[in-house]
Structures are given as C-alpha cells and as structure tokens.
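Sequences listed follow chains A and B, in order.
Position one of the first sequence corresponds to residue 1 (the working numbering), numbered consecutively onward.
Position one of the second sequence corresponds to residue 1001 (the working numbering), numbered consecutively onward.
I should point out that these hints are in silico values taken from the structure, not numbers from a laboratory.
Check each hint, because a few of them may be wrong.
Here are some, though not all, of the chain B residues that point toward chain A, as calculated from beta-carbon distances under 10 Å [as the list claims (entries may be wrong)]:
(1) Gln1038
(2) Pro1044
(3) Lys1107
(4) Val1108
In silico lysine-lysine, DSS-like type, Cα no more than 25 Å apart, as pairs [to be verified]:
(5) Lys1052/B <-> Lys1107/B
(6) Lys14/A <-> Lys64/A
(7) Lys1003/B <-> Lys1097/B
(8) Lys1003/B <-> Lys1107/B
(9) Lys1069/B <-> Lys20/A
(10) Lys66/A <-> Lys20/A
(11) Lys66/A <-> Lys55/A
(12) Lys1052/B <-> Lys1069/B
(13) Lys1069/B <-> Lys1097/B
(14) Lys1052/B <-> Lys66/A
(15) Lys1052/B <-> Lys64/A
(16) Lys66/A <-> Lys14/A
(17) Lys41/A <-> Lys1052/B
(18) Lys41/A <-> Lys1097/B
(19) Lys1052/B <-> Lys1097/B
(20) Lys1097/B <-> Lys20/A
(21) Lys1052/B <-> Lys55/A
(22) Lys41/A <-> Lys66/A
(23) Lys14/A <-> Lys55/A
(24) Lys1052/B <-> Lys1003/B
Quick reminder that beta carbons are idealized off the backbone N, C-alpha and C, glycines included.
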Amino acid sequence: GAVVSQHPSWVICKSGTSVKIECRSLDFQATTMFWYRQFPKQSLMLMATSNEGSKATYEQGVEKDKFLINHASLTLSTLTVTSAHPEDSSFYICSARDIDDRGPELRGGYTFGSGTRLTVV
Amino acid sequence: DAKTTQPTSMDCAEGRAANLPCNHSTISGNEYVYWYRQIHSQGPQYIIHGLKNNETNEMASLIITEDRKSSTLILPHATLRDTAVYYCIVRSRGTYKYIFGTGTRLKVLA
Chain A
1 GAVVSQHPSW
11 VICKSGTSVK
21 IECRSLDFQA
31 TTMFWYRQFP
41 KQSLMLMATS
51 NEGSKATYEQ
61 GVEKDKFLIN
71 HASLTLSTLT
81 VTSAHPEDSS
91 FYICSARDID
101 DRGPELRGGY
111 TFGSGTRLTV
121 V
Chain B
1001 DAKTTQPTSM
1011 DCAEGRAANL
1021 PCNHSTISGN
1031 EYVYWYRQIH
1041 SQGPQYIIHG
1051 LKNNETNEMA
1061 SLIITEDRKS
1071 STLILPHATL
1081 RDTAVYYCIV
1091 RSRGTYKYIF
1101 GTGTRLKVLA
C-alpha cells in the first residue's frame, strides 16, 4: 500500500532555533500534501495545504512566516518551524494525496505519515 | 465544509462488535464519508470510506443511512489493539481537505 515517510520521528531543539520536518511519499506521487499539528488529547488541526510547485495555502491563524512549507517535488514536502518556542512543542503530522486521485473517489483515502514529536526547550 | 459529530468516548468488550456512530447532517450530494483511526502517538490509519452504499473490507463495515446524514462504523470483533481514537471525516469539496472533528475514543476492555 501507499506509504508516507516522515522524518524525524522526534526532535528536541533549543528555543530560537529552526527545525525542519520532511514528509516523503515512497511509492506514489503526491500532488498535494497536508500538514497538521496535534496537541495532547486534542484532535488534528490542519495547518496548511502544500501543492507541488506552488505556494502553500495556510489555514486561518497559522503564521506562514513561522511555519515555512516547501513542496519542491512530487514526493517531498518539508515543514520548517522557524525560531521555535516552547509553545510550538507539538505533534506534527503530514498526509499525502495521490496524484491519481481524480475526483471524490479515492483509492483508499489519503496516507498519513507517522508524525514528528517536537519538543522545544 | 460539512461537519461531523461523534460521541466523545465508548467502551466495548473484547470480542464483541463495536458500533461507532457519526452524524454528518450537512453532507453534500457527492461528498464521501471517510473513517480513520489514530493509535496513541501515531499518524491516522485509513479504515474505510463510502458514498451511499454500505461498504465492507477486512477491517470494518460502514453503514450509511439512506438520507446520508449519519453513518456507523462497525468493528465486528473488537480486540485490545482496536483501542484508538476513531475519526469520521467528510472531505471538503473543491479543496480536498480533511477537517478532523473531535473523534471517538474507543476503549476495548478485556
């Protein structure tokens, strides 16, 4: 089945530094990738939609200059948390939409990565 | 975007069927219903999806009401490994986004 690899699975960084998270589709091409964050005991909150070759679309309230998204190829999207602070500590998850998804009918839905736990100290 | 409403939590005895309801009364004509589950500290896992007909796969069954305003996910023989948060999602038309609701925390009891 479709696999999305997310790296790193966990990271600890100092306040003020930047952290990059990678999301790769391993056996399919992803025209669109989505980035979510999740706080403990809460649901996933969509941060942004990343389209290959174009600028990401951010959800309301998400700072685009703080959460930089790059989707340079059909198999890779990156999320960079810039000048991280303790309140940015969270579980970040990506998902990918197969390029062959041509309408409402999906072959198995979107595939999610295993998540990255970011702790800012 | 169509919103979904699910009970916050449910318990189920091991070996019994787990029936997880979802209300999606604002769903539009060609929007699909998707079910995912998330086991602690992992990414969501796809379970099943459907439009209007009932669906079954190796993991679960999906029953959708005739008016499509609600659905039920059925795990026929729940095991301890089915303990997870289950999300019912209606995909946004046009944008293809998944908007997650609060989900149902299912606890399978031995």
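Taking 10 Å as the limit, does the beta-carbon of lysine 1107/B come near enough to a beta-carbon in chain A? violated (14 Å)
Hint status (Cβ of proline 1044/B to nearest Cβ of chain A, threshold 10 Å): holds (5 Å)
Take a quick look at whether lysine 1069/B and lysine 20/A sit within 25 Å of each other, Cα to Cα. Distance of about 41 Å is beyond 25 Å: violated.
Lysine 1052/B and lysine 1003/B were given as a pair; does the straight-line alpha-carbon distance stay at or below 25 Å? holds (17 Å)
Run the distance test for lysine 41/A versus lysine 1052/B: straight-line Cα separation, threshold 25 Å. violated (32 Å)
Pair hint lysine 66/A and lysine 20/A, alpha-carbon separation not exceeding 25 Å: Distance ~12 Å between lysine 66/A and lysine 20/A Cα, so the pair holds.
Should the interface hint for glutamine 1038/B be scored as holding, given a Cβ-Cβ cut-off of 10 Å against chain A? Interface hint status for glutamine 1038/B: holds (8 Å vs cutoff 10 Å).
Check whether the Cα positions of lysine 1052/B and lysine 1097/B lie no farther apart than 25 Å. holds (20 Å)
Hinted pair, alpha-carbon criterion (25 Å max): lysine 66/A, lysine 14/A. Please report holds or violated. holds (16 Å)
So, as I understand it, the hint says valine 1108/B touches chain A; can you test that by seeing if any CB pair is closer than 10 Å? Given a least distance of 19 Å, the restraint on valine 1108/B is violated.
Lysine 1052/B paired with lysine 66/A [C-alpha distance capped at 25 Å]: Not OK: lysine 1052/B and lysine 66/A at ~41 Å, beyond 25 Å, violated.
25 Å limit on alpha-carbon distance, applied to hinted pair lysine 1052/B and lysine 1069/B: holds (10 Å)
In terms of the numbered hints stated before, the structure departs from hints 3, 4, 5, 9, 14, 15, 17, 21 and 23, listed from lowest to highest.
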